[in-house]
Amino acid sequence: MPYREKTAWLSLVAMALAFVPYFAIVVAQSHSSPSSPSLRQLGLFAIAAVVQMAILGIGHLYLTHGSPAEARIPPDERDVAIMRRSISLAYYVLITGMILVGCVMPFNSGGWTIVNAALLMIVLAEVVHYGVVVVSYRRQL
Amino acid sequence: MKASITNRIRFLRFQNGEMSQAELGERIGVTRQTIAAIEAGKYSPSLEAAFRIANVFNVPLDEAFQWDAKDNSSKQT
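Residue numbers (our numbering), protein chains in the order written: chain D, 1 to 141; chain X, 1 to 77.
Next up, chain X with everything else stripped away, as it sits in the complex:
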């Protein structure tokens, strides 16, 4: 099943001095494996974690995470 929430965390990491997953994890209080799972779209972070990630890169939340409204509406019908 295609995930309806995607993210640009990997892109933002490389844009910010090629930050490693471990470093990002340390800054928001999760493990490297959790960051890897978030980037792969296999784990959806909590709202607080999502805000922390956006705050690390100094971007709005929807710059880091994107929600496909069309994909969600097709599931409801």
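Pulled out of the complex, with its shape left as it was, chain D reads as follows:
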């Protein structure tokens, strides 16, 4: 498995472990959570962000230590093509999500609902980004 595919898998795993529990808690408490920002919600988000960064940091150290030569190699033309394709597709997901969050949701939602929806769109865009990278390497595209 190429080093860049391994880092893409790491990013997907980190996001899943950090944000699946976060959104599960958010959905479970959606009926009782206040619409205005609260320290509790902020704390939940901070924990998710720290968990993601910790997994990424430790994971990258492990991967770099395991194959230091491969980690140092700059991206070749195919790596660049895969990056461009994945970022392009993720951009469309992100822009669609932000239009929904910014232009549609304010008419029927408010407070943390909009904030969490925006966060969900960012996470989805990142899932698409790294998912396309993984699929491209798996299928040798």
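These are computed hints drawn from the structure, not numbers from a lab. Ideal Cβ positions, reconstructed from N, Cα and C, are used throughout, including at glycine.
Pair ranges (Cβ atoms, derived): (1) X:R8 - D:L100: 47 to 53 Å; (2) D:G66 - X:R8: 32 to 38 Å; (3) D:E70 - X:L61: 28 to 34 Å; (4) D:E70 - X:R52: 18 to 24 Å; (5) D:M83 - X:T6: 24 to 30 Å; (6) D:I99 - X:R10: 45 to 51 Å; (7) D:A69 - X:Q15: 26 to 32 Å; (8) X:F51 - D:V20: 44 to 50 Å; (9) D:A24 - X:S46: 43 to 49 Å; (10) X:F51 - D:A46: 49 to 55 Å; (11) D:V20 - X:K70: 48 to 54 Å; (12) X:L47 - D:G66: 33 to 39 Å; (13) X:D62 - D:C103: 51 to 57 Å; (14) D:V20 - X:M19: 44 to 50 Å.
Chain X: place on chain D using the hints.
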């Protein structure tokens, strides 16, 4: 969809002292996985990379890569 560009890189590698994909990749500045993807017809290299590959084996470009004109004209109609 059938690829209209094919190549004989695998054949040329074996003809040139059984060169490995990694070695060819190193010589033209790409990874082994990129060479594997090119040989499998799943990735089309840039023009420069294609010329570099042909140069490694000391053959003309159309000796390493072949383009099926009939396949391309059937797509246009």
